[in-house]
Every structure is written in structure tokens, then in C-alpha cells.
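Hey, can you work out the whole structure from these sequences and the hints?
Chains as they are written, first to last, in my numbering: chain A, 1 to 357; chain B, 1 to 357; chain C, 1 to 357; chain D, 1 to 357.
Worth flagging that the hints you see were computed from the coordinates, not collected in a lab.
One or more hints might be untrue.
Since copy identity is lost for identical chains, a pair holds within one copy or between any two.
To be verified - Here are the simulated SDA-like cross-link-like pairs (lysine to any residue), alpha carbons at most 20 Å apart as the crow flies:
#, residue 1, residue 2
1, Lys-312, Met-216
2, Lys-305, Glu-263
3, Lys-270, Arg-308
4, Lys-322, Asn-200
5, Lys-270, Gly-116
6, Lys-195, Ser-258
7, Lys-312, Val-271
8, Lys-356, Gln-148
9, Lys-312, Gly-33
10, Lys-270, Glu-316
4 protein chains.
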Amino acid sequence: MAGSTFGNIFKMTTWGESHGEGLGVVIDGVPAGITVDTGFIQAMMDRRKPGNSKFSTPRSEADEIHILSGVFEDKTTGTPISMMVRNTSQRSKDYSEIASYYRPGHADYCFDEKYGFRDYRGGGRSSGRETLSRVAAGAVAKLFLKEQGININAYTRAIGPVSIDEAAFDQAEVFDNELCMPDKAAYEKAVEYLKECMANGDSAGGIIECVIDGVMPGLGEPVFDKLDAMLAHAIFSIGAVKGFEIGEGFNAASLQGSENNDEFCMKEGKVDKRTNHSGGILGGISDGSPIIFRAAVKPTPSISKMQRTVNKNGEEIEISVKGRHDPVIVPRAVVVVEAMAAMVIADAVLMNRCSKI
Amino acid sequence: MAGSTFGNIFKMTTWGESHGEGLGVVIDGVPAGITVDTGFIQAMMDRRKPGNSKFSTPRSEADEIHILSGVFEDKTTGTPISMMVRNTSQRSKDYSEIASYYRPGHADYCFDEKYGFRDYRGGGRSSGRETLSRVAAGAVAKLFLKEQGININAYTRAIGPVSIDEAAFDQAEVFDNELCMPDKAAYEKAVEYLKECMANGDSAGGIIECVIDGVMPGLGEPVFDKLDAMLAHAIFSIGAVKGFEIGEGFNAASLQGSENNDEFCMKEGKVDKRTNHSGGILGGISDGSPIIFRAAVKPTPSISKMQRTVNKNGEEIEISVKGRHDPVIVPRAVVVVEAMAAMVIADAVLMNRCSKI
Amino acid sequence: MAGSTFGNIFKMTTWGESHGEGLGVVIDGVPAGITVDTGFIQAMMDRRKPGNSKFSTPRSEADEIHILSGVFEDKTTGTPISMMVRNTSQRSKDYSEIASYYRPGHADYCFDEKYGFRDYRGGGRSSGRETLSRVAAGAVAKLFLKEQGININAYTRAIGPVSIDEAAFDQAEVFDNELCMPDKAAYEKAVEYLKECMANGDSAGGIIECVIDGVMPGLGEPVFDKLDAMLAHAIFSIGAVKGFEIGEGFNAASLQGSENNDEFCMKEGKVDKRTNHSGGILGGISDGSPIIFRAAVKPTPSISKMQRTVNKNGEEIEISVKGRHDPVIVPRAVVVVEAMAAMVIADAVLMNRCSKI
Amino acid sequence: MAGSTFGNIFKMTTWGESHGEGLGVVIDGVPAGITVDTGFIQAMMDRRKPGNSKFSTPRSEADEIHILSGVFEDKTTGTPISMMVRNTSQRSKDYSEIASYYRPGHADYCFDEKYGFRDYRGGGRSSGRETLSRVAAGAVAKLFLKEQGININAYTRAIGPVSIDEAAFDQAEVFDNELCMPDKAAYEKAVEYLKECMANGDSAGGIIECVIDGVMPGLGEPVFDKLDAMLAHAIFSIGAVKGFEIGEGFNAASLQGSENNDEFCMKEGKVDKRTNHSGGILGGISDGSPIIFRAAVKPTPSISKMQRTVNKNGEEIEISVKGRHDPVIVPRAVVVVEAMAAMVIADAVLMNRCSKI
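Right under this line is the structure:
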């Protein structure tokens with residue numbers, strides 16, 4: 001109810017603050033018998049962790065994941081899987097100042113209004129660090145989905161105004177360059193753009209795209225838990241996301257029916273679609289085509305550039321947000337998007353086991 | 001679980017098919033003591049019902065709402081409110097043909113894959129007619145929110161390529177013109193565009209914008225039930241929605257932090273923001289500014305233009321979708337967007353009653 | 001949240017008051033493909049309806065069930081099944097007096113405290129009439145379970161101090177006598193007891209026992225949704241229930257481990273138990289033996305005998321509860337117990353589909 | 001869904017196995033601002049921990065609780081509270097033998113059937129050790145309830161055939177004697193009984209009674225989440241519980257209405273009841289009187305006495321369960337009952353905040 005649980009059957013509950021003892025997640029509803037590859041989970045964690053590039057915070061945290069329950073002799077047992085990461089690089093003194101005022105673009109004011117006070121150290125529960133719990137859970141979901149033949153790949157589609165050229169799409173680049181952009185030329189332009197932002201004490205946003213292959217038709221529950229509605233919920237629960245679209249997305253609004261409809265056809269004896277404007281979901285249910293969606297990520301709100309704001313005494317002041325912040329969080333959020341998508345699809349696969357007698 | 005329930009505390013469960021006995025909704029968790037204005041609920045229903053304009057289906061259904069429980073002496077009692085509409089304009093024979101094939105852009109194929117068969121009459125449960133249950137529930141939510149000083153207004157921002165001019169914004173037009181566009185000139189252009197679509201046996205999409213005024217700061221639950229994530233889920237659960245964005249939305253991706261951050265200031269002794277790029281939500285919690293979001297609606301998939309598809313025997317065929325279909329559903333969806341937004345905000349108001357001791 | 005929904009996957013939401021338009025239920029999560037025998041559902045309704053005997057209220061209500069959605073060509077479609085019964089025998093004037101005071105043993109005072117006021121006509125939502133929605137839903141659950149080879153039979157084990165003799169158990173009597181007691185001699189003694197109660201303007205309680213055959217081992221979810229915990233919740237949600245026990249129940253408290261443990265053995269090549277002290281559930285999970293539980297039902301609180309109470313002005317008064325009341329509700333509650341048990345088992349069967357990869 | 005979460009608003013998710021890294025709990029929905037007394041939480045843990053008496057297992061585990069999140073400057077922050085206990089006294093080799101067979105009265109067989117295999121070390125997830133997570137969460141619930149003026153006290157009412165004499169009730173004894181029996185004479189008789197059980201390699205059960213004082217009228221949600229139904233669910237989810245009753249409980253079945261009804265009266269200007277046969281709950285809603293319920297606990301299934309059973313090869317064998325087992329778990333379960341009751345009441349208090357406008 002208080003919002004720290006996500007999912008219906010395959011379900012995670014996360015906990016932890018940026019500067020507390022650690023952060024973690026409990027996943028309940030994981031079917032028994034999945035082979036747990038700890039190395040794979042840690043590799044997912046490493047894709048998210050800070051310090052991977054000059055465009056992420058120089059905080060270096062090991063973010064080592066510990067599995068505390070639910071796995072026996074390398075298999076999931078069907079009981080809850082508890083995982084946690086200990087915080088090791090806490091510098092709470094960096095944050096003592098921000099206790100007194102509201103950072104623009106942050107939830108400081110909102111938390112104070114909601115709860116009467118807040119754990120101000122590093123954003124507390126509203127820190128982006130919270131997402132590491134999601135990545136750990138999503139990694140388990142991906143292990144389950146792999147056994148079902150489903151793969152999820154996200155990447156950076158745009159950094160600020162710099163977008164990839166679809167014609168130049170190169171999957172290898174996603175892991176090769178620090179911005180996770182599948183187009184080397186775009187990556188290089190984005191690097192220039194980010195350097196400029198940093199020089200100005202400013203920050204950048206971007207767009208993440210995600211493709212899910214191998215999804216059988218039939219996933220998603222009408223009418224409120226449509227597969228795209230679940231994905232929208234999941235992706236919008238990631239801190240900095242301001243937009244979500246699937247298939248043609250906002251572009252569909254200006255198309256005509258004959259342009260946007262995907263005609264059905266037969267392919268190798270099976271029903272298929274000639275196009276995929278739908279992004280793999282029709283009427284909220286997977287249609288067997290790849291699922292394709294995009295998320296808009298706002299620029300990091302923590303900037304060293306001077307900004308006006310107010311403090312808790314109701315005085316207007318000027319501030320420069322100090323501390324070790326990412327000039328752009330998009331590349332680190334790519335794996336979080338994958339993780340959240342994996343949670344939704346894993347849950348939908350299980351829910352669909354009950355659709356027929 | 002099977003997706004027909006929405007909300008946590010203020011919670012609706014809908015039922016019904018396009019061509020069954022009727023459709024309805026049960027709302028549980030409505031606080032006792034709300035004055036129920038049946039006329040207001042029916043007026044919301046009337047904004048959604050077909051036959052209001054030359055751009056909606058000529059089916060004329062009364063869509064008269066009946067309150068069956070939960071209201072006593074014009075007040076909500078705290079027990080579930082059951083409401084229903086009887087179907088009166090059923091012409092099942094119109095649909096007998098579509099039992100045999102899969103309409104492009106529709107969920108026919110997906111339902112068959114999910115459930116093994118489907119109620120093919122008028123789309124059954126996947127019909128847009130399902131949304132009338134949402135409107136009835138949303139009307140009750142609006143009655144509750146009004147007593148809290150919260151108002152929700154949605155309107156058509158674009159039809160196909162025709163967008164309103166913000167400088168010419170005229171709220172009165174939303175109720176005055178049949179497209180719900182708050183800009184008369186844009187409305188007239190949109191009319192021309194729609195006539196052309198209809199002449200070609202084609203259809204149009206559009207964009208709906210929604211503004212929520214009077215929201216206190218503090219609504220929304222970190223981390224998964226952020227207020228924007230709940231709205232995204234709600235809006236994306238409406239059949240034809242393909243995109244959702246809040247505040248700057250997708251545009252935020254290309255802004256810099258200093259452009260996108262809203263500086264806090266003091267106004268009449270209270271904390272306020274100089275701008276509202278956030279769209280009224282920061283870190284998933286309402287910040288006291290108006291909430292502003294947009295939804296992209298795809299063009300109606302039912303078109304009379306010839307399309308290729310396959311039938312249940314696996315044969316490729318050509319079809320023209322007959323029947324009484326809307327060339328554009330955007331204007332009728334405006335009130336559905338309002339209803340879903342009202343459900344989310346009402347729920348968030350109640351959930352927030354438990355945030356402090 | 002507000003308590004009108006029961007179940008996780010196979011899930012019902014009920015609505016309606018004793019003297020409103022009617023009462024009903026929406027069942028979501030019913031798998032597609034179950035053959036719906038309307039006659040069977042009505043027969044379940046008829047077992048609950050008043051007027052079946054001289055020991056139930058002489059109100060004669062048809063309690064005719066109408067299926068409004070979710071069934072197409074006699075099969076469940078996987079979409080929500082809405083069912084309702086119209087109220088036809090309303091005599092609200094009988095109840096106008098009780099608006100002003102609190103009946104002993106009833107929830108009048110509690111409702112006023114909780115909601116600020118109440119629908120006082122016939123108990124409103126707290127009327128036993130509410131259970132007809134459960135019976136309709138439970139009938140659908142039983143249809144599903146029959147196809148899985150699971151049968152549920154409840155009966156009256158005791159009326160007041162009169163218990164059946166297990167040695168004289170006769171299943172046919174459950175349907176043959178109006179008290180649903182599977183022992184004719186006990187039935188006859190109970191009749192005498194009830195006549196005496198009625199002569200004194202008093203009422204009686206009793207014990208209902210329920211046996212569930214054909215349950216496969218493995219149902220129930222550790223640790224909070226143990227199968228017996230779900231049954232306890234379900235049965236205790238029936239208005240007048242004051243106790244619930246499974247297998248040896250309260251008797252187990254005074255046994256020793258060697259007496260209460262069931263030894264495992266092999267029977268026709270399968271694991272079996274030599275005894276069934278457990279009542280078919282071990283560690284919260286079905287063990288393959290028949291599930292046996294008992295519920296204690298309090299005497300009907302509505303009695304014509306004079307009682308002291310207070311009115312809404314805080315004055316102490318004396319009352320005699322008038323109206324058409326059952327001197328004992330146990331026989332009518334038997335089918336409600338079956339229905340609730342069916343809901344739990346159907347839900348557990350579906351949940352268990354996700355226990356293994 | 002998979003059963004490791006309990007509660008609606010005030011909600012816990014537990015994890016951990018007897019012989020894994022540790023066990024823990026995440027509580028979500030705790031209102032911000034509760035003062036957290038760690039000493040109180042540890043004291044609750046200590047009441048449950050083994051080694052407190054000659055009648056509990058001689059395993060000595062520190063069961064030291066660690067708070068990992070959700071508390072800042074000694075106050076709850078409104079974000080999830082994660083707590084854990086590390087396992088320190090693991091002797092997995094004690095259990096290697098039981099991997100191969102099914103212990104009578106245990107869930108071994110059921111887990112194998114449900115999940116395909118099991119973590120056999122010390123019962124894994126089905127170990128009574130799981131309840132320490134509940135106690136930690138329940139302690140936080142009790143801290144919240146204390147601030148609301150609500151107190152919860154449980155004690156041993158019976159051990160085997162030895163019951164307390166209500167006339168001799170002495171609350172101090174609950175903490176003074178190792179069996180938590182509020183009657184010294186009964187305690188001494190129970191000691192003799194238990195010594196005899198142990199001498200025979202056998203075990204005992206008992207009855208726990210719980211009294212909740214200070215509950216305001218109005219808690220509990222009709223119709224399925226009645227306060228007693230929630231308590232029944234909670235208490236029945238504790239491993240060895242086989243029966244639950246409230247107020248008169250099973251005795252009510254043989255009373256007449258005039259005996260079982262509680263007459264209302266005025267006391268110091270407030271509505272009160274002359275008796276409390278209801279056990280503090282009417283129609284599922286608290287009536288302002290103390291809530292009184294009882295739970296029947298079966299004898300510990302682990303006994304050293306020889307028993308017949310089967311092994312995984314389907315062979316009938318004879319076994320004597322070795323290891324460090326409690327001859328009676330009732331005294332250690334007393335605090336678990338308190339904890340579960342506290343979770344239910346805390347949740348009901350929060351849910352009730354939404355009952356009126």
C-alpha cells in the first residue's frame with residue numbers, strides 16, 4: 001500500500017536509503033526451480049553502479065549483492081528471495097547543508113509535506129540509489145524469462161538533443177560505449193554535448209528505448225492491467241521518467257487508421273503482422289511481435305549552477321548543489337529500465353497461467 | 001489480479017461486454033458521507049455516450065446509469081457502490097462476420113490466444129464501451145474530490161496533425177464544440193481534417209491534455225506508487241492510448257537541468273514554484289502546483305478502407321470493417337481521462353491519510 | 001481494501017444491502033472455458049434462501065440469480081462474471097423503529113461509530129442477506145473445482161446442545177431434512193430444541209462441519225496465506241461465526257505429539273497418511289487427505305424476548321426485536337460455508353499454478 | 001501473492017530460512033513519526049527466542065535484531081523498515097538425514113509436492129524460526145498502538161490438559177514463569193505434565209489467550225475483512241495453530257440468543273456493554289469492549305518417540321526425530337500471537353482513517 005511493493009504474483013518489495021545501512025529487496029512469488037547465476041545478477045548490478053564513466057558520479061561503491069534467502073543448491077526454492085547491498089561510501093556530511101532547504105527538481109519539499117520531516121542524507125529514500133534493489137530483482141526476473149525464451153534489451157536512444165540514427169544501429173556499442181548508445185557517431189556527439197553541460201555546471205536528460213523479444217501472444221490482463229499499462233506504471237516509477245510511449249507512441253496521434261493499423265499475415269504457418277506500429281501490444285495484450293517502448297528521462301536536477309530556492313524558514317535563498325552527482329543519469333538508468341520491464345513480463349507470464357481452465 | 005480492479009483504497013471493479021446484458025462497476029472504499037448528485041454522474045455519462053456528434057458512431061444508446069447500492073438518503077454509506085447501465089442498442093448480427101477473422105489494430109487475435117476463444121460481439125470486453133463503467137466510478141471520485149477543493153479538466157489538445165494554439169486557449173469551447181477543443185480555430189481545422197478521413201474510409205487519432213487543480217502537496221507513494229506512475233497506469237489502461245507524459249514530458253529529455261528545474265519561491269507566505277516544468281509532481285509526490293499530463297490516442301482501428309488480414313483458418317483475406325464506428329474517439333475519451341485521473345487522485349488522497357502518525 | 005473483495009486470483013467483489021435495489025457479486029479471475037450450469041448456481045441459491053422451513057424467516061424471496069457478463073455460449077470467457085439478485089420482498093417499514101436504537105448482538109452501534117450513520121433498513125450491509133452474493137460466486141467456484149475432481153460438502157454438526165452421532169452419519173439426510181443434519185435422530189432432537197427456543201422468543205446457534213475431498217497435495221502459500229489461514233479468514237468473514245478449527249482443532253491442544261501426528265504410509269503406490277488428525281493440511285499446505293473443518297455459529301441475535309439496550313439519545317430502553325427472523329441460521333449458513341470454502345480452494349488451485357517453473 | 005506479505009496498509013513481508021544467512025522482515029506503510037525504542041523490539045525478540053527455559057530447545061541463538069532502514073533520528077520516516085537477524089547457531093548436519101524422508105506432522109511432504117524439492121535444513125521456510133520476523137514487525141506495531149492507547153497481552157491458558165483457573169488469574173506470572181501461565185498452581189501442574197511428556201520422548205500442545213485493551217469502536221472492514229476474520233487469518237498463519245475462537249467462541253454454539261447477546265448500557269456518559277460475550281467484535285467491527293480470543297496450538301510434531309513414515313523412495317520406515325526440539329512451543333508462541341494481533345490492529349486503525357469523508 002505504501003508503495004514499496006511492485007507486482008502481482010512475481011512481486012518485489014524494496015527498502016533502504018541512500019545513506020542508511022544498505023538497500024535491498026525481497027522477491028516473493030518466484031517459481032521454484034530457476035537456476036540462479038549469481039554472476040549474472042552482479043553483472044546487472046555493475047551496469048548500474050556509479051563510477052563506470054566520466055559522466056557518472058565519481059563515488060565508487062562496490063554495490064556487491066548478497067543473496068540471503070530463497071536459493072538452495074543454486075535453485076530458487078519458491079520462498080522469498082532476499083537480497084541486499086551494504087552502503088560503503090557514505091559521506092553524510094556532504095548532505096548536512098541540504099537538510100535546511102529544498103533543492104529545485106528534487107522531492108525534498110514533497111517529502112517534508114508528506115511525512116512531516118525527511119531523512120535528508122543523500123535524498124534518503126528518494127535517491128536514485130534506490131534503483132539498485134530493482135536491478136537485483138530484475139536480474140532474477142531475467143533469469144526466469146531467459147528460460148522462457150524472452151530477452152530484454154534497453155539502450156540510450158538520445159542524450160539531450162542528440163539521437164541515434166536507426167540506420168546506423170549497432171547493438172555491440174550498447175555495451176562498448178559508456179553512454180550505452182547503439183550508434184558510435186551519435187555517441188561521440190553526445191560526449192561533446194555532455195562536456196559542454198558539465199563545463200556550465202549543468203546537466204542533461206535523454207531517451208531510453210527498450211525491446212523485448214520472444215514474448216508469446218496473450219500476456220496482459222484486460223482491462224486495467226493491460227501489459228502496456230503495467231509497463232507504463234513500472235517505467236514511470238523510475239525517479240526521473242517524464243514520458244512513456246509504446247510502438248508509434250505520440251506519433252500515432254497524427255497518423256490515420258490505415259497507416260497505424262498492422263495488417264495480419266501468415267508467416268511459416270503462424271499468424272504474424274506485416275508491421276509493428278502497435279509495439280507488440282494490442283488491446284493491452286501481447287500480440288507476438290517484439291515489444292518496443294521508450295522512456296523520456298529528465299536532466300539530473302542536482303546542478304552546481306546557481307539556482308534560487310527557499311529554505312525551511314520560508315526565506316528565499318540562492319544555492320549551488322554540491323556533492324558527487326551524475327551530469328546525466330540516462331546510461332545508468334538503461335539497466336533499471338530493463339529490470340523493471342523484466343519484472344512486468346515475468347509477472348505477466350505467471351498471471352497468464354490462470355487465463356484458461 | 002485478472003485486471004478488472006483498479007485502485008488501492010478507493011477501488012473500482014468493472015464488468016460487462018459490449019453486447020451482453022449491460023456493463024457496470026462496483027466502487028469499494030468510498031468514504032461515508034459524500035453527497036451523491038445523480039445528475040452529475042449522468043452528465044458525465046452523457047459526455048461519453050455515442051451519438052453526440054457527426055464524428056461519433058450513430059448508435060444511440062441512452063447509457064442511463066442506475067445506482068444499486070451504497071447510497072442511502074443521498075449520502076454514500078461507506079459500503080460498495082454498485083452502478084450499472086443496461087445495453088439497449090445491441091445489433092449482434094453486425095458482428096457475426098468478425099467472429100471468423102482478426103481485425104487489424106484490434107485485440108481479436110490476442111483474446112483468442114489468451115483465452116482460447118472470445119465473445120466476438122462488438123469486441124466483447126475489449127470494446128471501448130467498457131469505459132462507461134470507469135466514467136460512472138470517476139464521477140463519484142470527482143464528487144469526493146470537489147469536497148476537497150480538487151478539480152479535474154481534460155480537453156482535446158490535438159486531432160491528427162491539428163493542435164490547439166495555447167495562446168488562443170478558451171475553456172468554454174471544451175463544452176461548446178463537439179471535439180472538446182479549447183480553441184475554435186483549431187476545432188474548425190480539425191473538422192475539415194476529419195471529414196477528409198471519413199471520405200476516405202479512414203480514421204484519426206489525437207492528444208488529450210488534463211489539468212488537475214487544487215492538489216495539496218504530499219500525494220503519491222514512493223517508490224512504486226508514485227503519483228505519476230499511478231496516473232500513467234490509469235491512463236494507459238484506456239484502450240487506445242499509446243503515450244503518456246507529464247509536465248515537460250518527452251521535451252524534458254532535451255532540456256538541461258537549469259532549464260527544466262522549477263525554482264522554489266515564497267508566495268503569500270507559502271512555498272510555491274516559479275515555473276511548472278515538473279507538471280505538479282516531483283519524486284512521484286504532488287508538489288502543490290497544478291498537475292498537467294497528456295495522452296496520445298491512436299486512430300480508431302475500425303475503418304471501412306480495405307485491409308489485409310487473416311482468418312481463423314489461417315487464410316489471408318481482405319476485409320472492410322463495417323458497423324457503426326467512430327472516425328475519431330478522442331472527444332469521447334476526454335471524459336474517460338478525467339474519470340481515470342479522478343480515481344487516482346481520490347485514491348492518493350485516502351492513502352495519504354496514513355502517511356503520518 | 002474496504003473489505004468487499006475476497007481472493008487473490010479467483011476473486012469476488014460483493015455489493016448490496018438488505019433493502020436496496022438488490023445484491024450481487026463480480027468474480028474476476030475465473031479461467032476461460034468452464035461450462036456454466038445456471039441451474040446448479042440457482043440450486044445453490046435455493047439452499048440458502050429463506051422460507052425453506054419452519055425454522056427460517058417466513059419472508060419469501062425468489063432470490064433469482066441473473067448472470068450479466070462473463071459467460072458466452074455457456075462458457076466462462078475469462079472476463080469478470082457479474083451476477084445479481086433483485087430485492088423483491090422489502091418491507092422497510094418493519095425497520096424504521098430500529099433506526100433509533102442499537103440491537104444487542106448486532107452491528108448497529110459499530111456501523112454508526114465507523115461511518116457516522118447507517119442504512120438501518122434490515123441491517124443494510126450487515127444483513128445476513130449479504131451472503132447470497134457469496135453463494136453465487138461459490139457456485140461458480142464449485143463448477144470449476146468439479147472439473148478438477150474436488151468436492152465440497154458441508155452439513156450441520158450441532159444445533160444448540162444437540163450434536164450428530166458420527167456413527168449414525170447419513171449423508172442423504174443433509175438434503176432430506178430442513179436442518180441439514182446427517183443424522184435423523186439428532187435432527188429430531190434438534191427440532192424439539194428449536195421449538196422450545198421459539199416458544200420462549202429465543203434463538204439457537206450451532207456448529208457446521210465441512211469436508212473437502214479430492215484436493216491434491218501442494219495447495220496453500222507459506223507463510224501468511226497458508227491454506228488453513230485462508231479458510232479461517234473466509235469462514236470467519238461469515239457474519240455469525242465465532243470459532244473455527246481444523247482437523248483435531250481445539251482438541252489437539254490436549255493431545256501429545258505421538259497421538260496427534262499422522263504417520264505417513266504407502267497406499268496403492270502413493271504417499272498417504274494412516275490417520276487424518278491434521279484435517280488435510282500440514283504447515284499450511286494441503287497434504288492430500290480430505291480437508292475437514294468446523295465453524296461455530298452464534299445464536300441469532302434478533303430475538304423477540306425483551307432485552308435492555310440504549311438508543312441514539314443515550315437513553316437506556318427495553319426492546320423486543322420484531323420482524324421476520326430466523327430462530328436459527330445454521331441450516332441456511334451451511335451452503336455459505338461451502339461457497340466460501342470453494343472460493344478459497346479455487347483460488348489456491350490457481351495460485352499453485354505458479355509454484356514451479 | 002506467494003504468501004509472504006501480510007496486511008493491507010501496515011504491511012509486512014518476511015523472508016528467510018532456518019539455516020540460511022538469516023531471517024528478516026520489511027514493514028511498509030508505517031506512518032512517519034513513531035518513536036522507535038530498539039530495546040523494546042529486542043525485548044519482544046527475547047521473549048520468543050529459544051533457550052529461555054528447560055522446556056524450549058537448548059539451541060542458544062542471540063536473535064539480535066538489526067534495523068537497516070526506515071528509521072532516522074529514532075523516528076519512523078514513513079519509508080519501509082527493514083529488520084534482520086543473522087543465523088548464528090546452524091548445525092546443518094543435524095538435518096542431513098531428514099532430507100530423505102517425511103517427518104509426521106511436518107510439512108516436508110507438502111513442500112516437496114508443491115515445489116518439486118525443498119530446503120530440508122531445519123525445516124527451511126516452514127521452521128518455527130520464521131516467526132521471529134513477525135515478532136520484530138509486531139513490536140513496531142505495538143509501539144504504534146501504544147501511542148494510540150491500545151495494549152495487547154497474550155498468555156498461556158492451557159498446556160495439554162492443564163488449564164488456568166480464571167479466579168486465580170495473576171498477570172505478573174505471565175512474565176515470571178517460563179510457561180507464561182497467569183496462575184502459579186496451574187503452572188506447577190503443567191511443569192509436571194511436561195516432564196512426563198519429555199520422559200516419554202513425547203510433546204505437548206496448549207491454548208493461548210490474548211486480550212486487547214483500549215480499542216476504539218469502528219475497526220474492521222465489512223464484509224470480508226471483518227476484524228475477527230483478519231485476526232483469524234493472522235493467528236492461523238502461525239504454524240501450529242489448529243483452532244481460533246473469539247469471545248464465547250465454540251461455546252456460543254450451544255447458547256441461546258438471550259444468553260449470548262450483550263445488552264448495551266450507558267456508562268459514564270458513553271455507550272457500553274453489560275457483558276462481553278462478543279469478545280469485543282460485533283458484525284466484524286470492534287465494539288469498544290476488550291477483544292478476547294484464543295488459539296489452539298498442536299503438540300510439537302518433532303518427537304524422539306519412534307514413528308512410522310515413508311521416505312522419498314516410497315519405502316515405509318521407522319524414525320526417531322533427533323535434534324534440539326521444544327517439547328512444547330506454546331510459551332514461545334505467546335509473543336508471536338501478540339505480534340500478529342498487533343499487526344492486525346495497527347492495520348485496522350489505519351484502514352479506518354478512510355471510513356468517513
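Consistency of the hints with the structure:
Proximity of Lys-312 and Met-216 under a CA criterion of 20 Å is satisfied inter-copy only: 18 Å between copies versus 53 Å inside one chain copy. In this assembly of identical chains, the alpha carbons of Lys-305 and Glu-263 lie at most 20 Å apart only when taken from different copies (12 Å versus 51 Å within one copy). For the identical chains of this complex, Lys-270 and Arg-308 are inter-copy neighbours only, at 16 Å across copies versus 60 Å inside a copy, given an alpha-carbon limit of 20 Å. Taking identical chains as interchangeable, the C-alpha atoms of Lys-322 and Asn-200 lie at most 20 Å apart only when both belong to the same chain, with a minimum of 14 Å there against 59 Å between chains.
Taking identical chains as interchangeable, the C-alpha atoms of Lys-270 and Gly-116 lie at most 20 Å apart only when they sit on different chains, with a minimum of 16 Å there against 58 Å within one chain. In this assembly of identical chains, Lys-195 and Ser-258 lie within 20 Å of each other by CA distance solely across copies; the values are 15 Å between and 44 Å within a copy. Taking the closest pair of Cα atoms, Lys-312 and Val-271 come within 20 Å of each other only across two copies (9 Å); inside a single copy the shortest separation is 61 Å, beyond that limit. For the homomeric pair Lys-356 and Gln-148, the shortest alpha-carbon distances inside one copy (19 Å) and between copies (13 Å) are both at most 20 Å.
In this assembly of identical chains, Lys-312 and Gly-33 lie within 20 Å of each other by CA distance solely across copies; the values are 18 Å between and 52 Å within a copy. Taking CA atoms no more than 20 Å apart as the test, Lys-270 paired with Glu-316 passes between copies only; the shortest distance there is 11 Å, against 65 Å inside one copy.
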